[in-house]
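Colleague: Here is what each chain is made of, one letter per residue.
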Amino acid sequence: MVKRYLGPPNEEEIRKAAAVSQLPKRETAPGGLTGANVISSPPGQARQRIEALARWADPGKRLDPSYPTGRAGSAPLDQAMIEAIAMGSQSRFPLARTEAEQELYGGPTPDTAMGYDPGQQAAARRAGLQLSPGEQDSASSGALIAPVNRTDLASALVDNTMLDDSRFDEISGWQRPYGLGKTVDEGLGFNALNIDLDAISKEAADALKKYNTPKDPVKTPEQQCADAGGTWNGTSCDLPTGDPTKTPEQICADAGGTWNGTSCDMPAPPDPFGDAAADINSAFNITTQDLTDKIKQLVADGKVNARLMTADLVQQIKDSADRRKTQIKSIKETSEAALEKQNTNRKAIQTQLSATAKQRMATMQADTEAQIAAGRLTLGPQLTSEFEEVAAMVTGLTDSIAAGHEGSMSRIEAIANIAAAQRLAAPALLMADAQSALGDEQFRLENEAQASLLQTLASLTEQENALVLQEAQRIEAFNNNRDLAEASALVSLGMAKLQNSIDTVQRAEDKAERLDIRLAAEKTAATAAAESKRRWEADFQQKEDTLKTSVSQWNKTFDFTKEEAEASRETTKLTAGEKAKQIAAQNQLLSSMTAYTPEQVAAMTDTQRNTLFSNVQNNLDDIKRAASVRPGTFRWLVDDLGTDPAIAGMAVAIAEQMRLMDTANEAGDAAAAQSAQDTMDAMLEPYWGLDSTMQRYETADMREIKSLANTAFTALPRLDGEANYEDFAEHPFGLWGISNSTRGLTSFISNGPPAGVG
Amino acid sequence: MAYGAGFTGSNQTTSRAVTLGYGLDDIQRAREATERTGVLNRFTSNKKFQNLARSLPGQFNQRGMIDSGLRQRARERLAAQKQLEQHGLAAQTAEAQAQLDRQRALLEEQFAGGMMDDTVADALRRFGIAQTIQGLVS
Numbered sequence: 001m002v003k004r005y006l007g008p009p010n011e012e013e014i015r016k017a018a019a020v021s022q023l024p025k026r027e028t029a030p031g032g033l034t035g036a037n038v039i040s041s042p043p044g045q046a047r048q049r050i051e052a053l054a055r056w057a058d059p060g061k062r063l064d065p066s067y068p069t070g071r072a073g074s075a076p077l078d079q080a081m082i083e084a085i086a087m088g089s090q091s092r093f094p095l096a097r098t099e100a101e102q103e104l105y106g107g108p109t110p111d112t113a114m115g116y117d118p119g120q121q122a123a124a125r126r127a128g129l130q131l132s133p134g135e136q137d138s139a140s141s142g143a144l145i146a147p148v149n150r151t152d153l154a155s156a157l158v159d160n161t162m163l164d165d166s167r168f169d170e171i172s173g174w175q176r177p178y179g180l181g182k183t184v185d186e187g188l189g190f191n192a193l194n195i196d197l198d199a200i201s202k203e204a205a206d207a208l209k210k211y212n213t214p215k216d217p218v219k220t221p222e223q224q225c226a227d228a229g230g231t232w233n234g235t236s237c238d239l240p241t242g243d244p245t246k247t248p249e250q251i252c253a254d255a256g257g258t259w260n261g262t263s264c265d266m267p268a269p270p271d272p273f274g275d276a277a278a279d280i281n282s283a284f285n286i287t288t289q290d291l292t293d294k295i296k297q298l299v300a301d302g303k304v305n306a307r308l309m310t311a312d313l314v315q316q317i318k319d320s321a322d323r324r325k326t327q328i329k330s331i332k333e334t335s336e337a338a339l340e341k342q343n344t345n346r347k348a349i350q351t352q353l354s355a356t357a358k359q360r361m362a363t364m365q366a367d368t369e370a371q372i373a374a375g376r377l378t379l380g381p382q383l384t385s386e387f388e389e390v391a392a393m394v395t396g397l398t399d400s401i402a403a404g405h406e407g408s409m410s411r412i413e414a415i416a417n418i419a420a421a422q423r424l425a426a427p428a429l430l431m432a433d434a435q436s437a438l439g440d441e442q443f444r445l446e447n448e449a450q451a452s453l454l455q456t457l458a459s460l461t462e463q464e465n466a467l468v469l470q471e472a473q474r475i476e477a478f479n480n481n482r483d484l485a486e487a488s489a490l491v492s493l494g495m496a497k498l499q500n501s502i503d504t505v506q507r508a509e510d511k512a513e514r515l516d517i518r519l520a521a522e523k524t525a526a527t528a529a530a531e532s533k534r535r536w537e538a539d540f541q542q543k544e545d546t547l548k549t550s551v552s553q554w555n556k557t558f559d560f561t562k563e564e565a566e567a568s569r570e571t572t573k574l575t576a577g578e579k580a581k582q583i584a585a586q587n588q589l590l591s592s593m594t595a596y597t598p599e600q601v602a603a604m605t606d607t608q609r610n611t612l613f614s615n616v617q618n619n620l621d622d623i624k625r626a627a628s629v630r631p632g633t634f635r636w637l638v639d640d641l642g643t644d645p646a647i648a649g650m651a652v653a654i655a656e657q658m659r660l661m662d663t664a665n666e667a668g669d670a671a672a673a674q675s676a677q678d679t680m681d682a683m684l685e686p687y688w689g690l691d692s693t694m695q696r697y698e699t700a701d702m703r704e705i706k707s708l709a710n711t712a713f714t715a716l717p718r719l720d721g722e723a724n725y726e727d728f729a730e731h732p733f734g735l736w737g738i739s740n741s742t743r744g745l746t747s748f749i750s751n752g753p754p755a756g757v758g
Numbered sequence: 001m002a003y004g005a006g007f008t009g010s011n012q013t014t015s016r017a018v019t020l021g022y023g024l025d026d027i028q029r030a031r032e033a034t035e036r037t038g039v040l041n042r043f044t045s046n047k048k049f050q051n052l053a054r055s056l057p058g059q060f061n062q063r064g065m066i067d068s069g070l071r072q073r074a075r076e077r078l079a080a081q082k083q084l085e086q087h088g089l090a091a092q093t094a095e096a097q098a099q100l101d102r103q104r105a106l107l108e109e110q111f112a113g114g115m116m117d118d119t120v121a122d123a124l125r126r127f128g129i130a131q132t133i134q135g136l137v138s
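Protein sequence lines correspond, in order, to chains E and X.
Per our numbering, residue 1 is the first one in the first sequence, and the count goes up by one each step.
Per our numbering, residue 1 is the first one in the second sequence, and the count goes up by one each step.
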């Protein structure tokens with residue numbers, strides 16, 4: 001055992017493991033196909049799986065177009081099958097990941113370890129490198145396991161012990177790849193009794209002739225030289241001269257080379273990356289448009305618009321003010337006209353009133369003068385001054401009253417005129433005030449407009465500065481992102497070139513390795529087949545001799561017994577002892593067919609015994625049908641192997657379908673075999689798993705069901721076939737229960753107890 | 001006319017016209033009453049002095065001095081008294097008429113001044129409206 005437990009990973013290992021996890025993972029064949037489950041496939045599925053695995057293992061391989069790819073058993077074996085069987089344990093590992101894992105773990109990770117891959121596990125088991133159960137658990141749980149290295153594995157694969165006798169017996173026994181060694185018209189495939197190694201070798205050679213070497217899209221000059229059948233001398237290709245029909249120049253030209261007179265110069269392989277670097281540089285030779293000038297122009301336009309709008313507003317203010325001035329002037333003129341008219345009326349009335357008062361005063365003076373004159377006339381010549389003094393005083397008083405009243409009216413009129421003059425001046429004064437207020441309003445509004453303009457201009461300037469700065473930042477960010485993307489693209493290109501180089505080397509190594517393994521497997525298969533043939537021939541000879549001896553002895557016994565029975569039937573009836581012997585034999589037979597012991601059967605009355613015998617005979621058909629899978633299989637899987645009852649039940653059902661398929665194949669009923677296969681596929685359908693990419697993968701439950709079905713199918717032989725009577729006919733009544741007992745019952749009923757019984 | 005100018009003034013004009021009308025009527029009635037009183041007082045004074053003038057010759061005749069200078073002097077004094085009383089009545093009437101003239105002048109001044117004040121107030125209101133700038137589009 002070369003495996004060892006390395007303990008929990010340290011930080012460095014974890015870091016490397018994280019890096020390895022980024023590499024492409026191991027690829028598995030579609031449908032969970034491996035070499036192991038292809039070899040152990042039911043006969044109806046073996047061929048399809050072999051073909052699928054062979055195609056997947058080497059995708060470049062081109063099968064002959066005429067090669068039928070129909071259902072199982074439709075064509076003979078070809079080289080692809082042989083290769084697939086021999087390489088069944090192989091699977092594809094990207095070289096970069098494998099080497100990284102080799103560096104980190106000293107071998108594949110648990111994902112690629114043999115304990116995880118059924119095909120490699122089988123190969124390891126055959127090579128004596130089987131993991132212990134504990135190690136398998138560790139491998140499954142992801143612990144760091146250093147598995148056997150690839151050299152050990154390769155040695156195991158090419159070792160003759162890879163295909164041991166038991167494995168070969170499985171292949172050549174009940175598990176018969178349909179059509180192997182036989183044409184479809186000949187029906188059954190080879191087994192230990194009919195294997196024809198010469199036919200296999202012949203068909204393998206024919207398949208090799210039909211096999212077309214795949215052409216790689218990019219080949220080195222060495223590969224192209226080798227494909228052309230030449231030998232690479234380091235600088236050119238030396239082609240063989242064995243073909244007399246073609247000149248070296250023609251051969252060189254056919255191979256795509258140029259003949260230089262002595263050898264063929266093969267063209268250099270095209271660079272798959274070409275001018276990728278120049279293309280990347282060209283693709284990233286881009287610039288972004290500088291919008292700074294546009295921003296400045298837009299802001300300048302905005303400023304012009306703001307000034308124009310302000311000018312319009314100022315003009316509106318001026319127009320409004322002018323209109324108001326006109327209105328004010330009109331109000332003043334209208335008011336003055338109204339006041340003038342009113343004042344004129346007032347003055348007319350005032351004048352009339354003064355004139356009336358003045359007239360009244362004049363009348364009063366005249367009346368006084370008349371009265372005085374009348375008094376003088378009446379008095380005649382006056383003797384004294386009595387009257388004249390009074391007359392003079394009265395005249396004076398009257399004049400005084402008239403003058404006083406006239407003066408009063410004049411003062412009243414003057415005062416009224418003063419008040420009227422003030423009222424007349426009011427419109428002009430009010431107009432002046434209104435015009436002042438209007439001017440102030442106009443000034444205020446114009447000031448506000450100018451202030452708003454200044455604020456707008458300042459805001460635009462500020463926005464211009466911010467936008468110009470943002471534009472500069474955007475251009476800088478664009479340039480940085482472009483340079484970063486270009487650098488990333490160039491790095492990716494470099495990585496792609498490196499990966500391409502690695503893949504090229506890997507393809508060459510894988511091809512050489514597969515070729516070596518294929519040749520070794522062919523050699524191994526031929527050796528194993530020859531050894532098997534030798535053993536079979538020896539066993540066959542031995543069995544043939546034994547059978548001849550047995551036949552001779554049985555014939556002699558039969559003749560003797562026959563003569564004795566005939567003589568007995570002719571001469572006498574059964575004696576009491578003979579009848580007792582016959583009854584004892586019947587009891588023993590019934591005991592073997594039922595749960596009763598011979599003593600219990602013997603204790604029965606004749607009626608009971610006859611009823612039991614009749615029941616057994618009537619139930620024979622049911623017993624045969626029930627024995628299609630051996631009774632006790634389910635409990636054996638559950639109790640002895642510790643299988644979950646649900647899994648065990650499904651495994652038994654699958655085994656039943658496998659048995660039906662086996663029976664159908666034996667009978668040559670391909671439709672029934674396919675029906676059984678379809679049924680089995682339908683039963684297994686729910687156990688497939690789907691990954692995140694909707695690809696199917698085989699779940700652990702499915703693998704367990706298949707394994708247990710194979711176990712149930714292989715560990716417990718079928719008991720209802722006639723051939724099995726012969727295979728297991730070591731005892732006249734059989735060793736394995738009902739089938740041979742049934743045959744014994746049939747023989748008993750027909751011929752009576754066999755010789756030597758009772 | 002915009003802004004309803006003149007409506008308030010019309011209302012005030014009506015009130016002022018009513019006030020003016022009632023004032024003029026009062027003044028006219030007072031003036032007529034003064035004239036009637038003056039006429040009555042003059043009539044009474046004339047009757048009184050007529051009676052005095054009639055009794056004067058008898059008084060001087062009884063004393064036998066009808067043709068004397070004293071009777072002439074008495075006549076002169078009676079005529080002087082009559083003139084004084086007539087002047088007093090005329091002056092009283094003239095004073096009343098002058099007072100009514102002043103009242104009339106005041107009433108006319110109040111009416112005309114009020115009307116002009118209304119016109120000035122209306123102008124002031126209109127100036128108040130016209131001295132603001134409205135309807136700007138900014």
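What the hints contain is simulated information worked out from the structure, not anything from laboratory work.
Glycine included, every Cβ here is placed at the ideal spot set by N, Cα and C.
Take these hints with a grain of salt, some might be off.
Have a look at the derived ranges for each label pair, beta carbon to beta carbon [what the hints assert, rightly or not]:
#1 E:Thr363 with X:Leu40: 35 to 45 angstroms
#2 X:Arg63 with E:Ser385: 20 to 30 angstroms
#3 X:Glu32 with E:Glu369: 18 to 28 angstroms
#4 E:Glu369 with X:Leu56: 38 to 48 angstroms
#5 X:Leu40 with E:Thr378: 16 to 26 angstroms
#6 E:Ala425 with X:Glu32: 37 to 47 angstroms
#7 E:Asp367 with X:Leu56: 21 to 31 angstroms
#8 X:Leu106 with E:Thr378: 13 to 23 angstroms
#9 X:Leu24 with E:Ser410: 39 to 49 angstroms
Residues from chain E that face chain X, not an exhaustive set, calculated with beta carbons under 7 angstroms [what the hints assert, rightly or not]:
#10 Ala370
#11 Gln371
#12 Ala374
#13 Ile418
#14 Leu429
Colleague: Please name the hints from earlier in the document that this structure breaks, with their numbers sorted from lowest to highest.
Modeller: Violated hints: 1, 4, 8, 9, 10, 12, 13, 14; rest satisfied.
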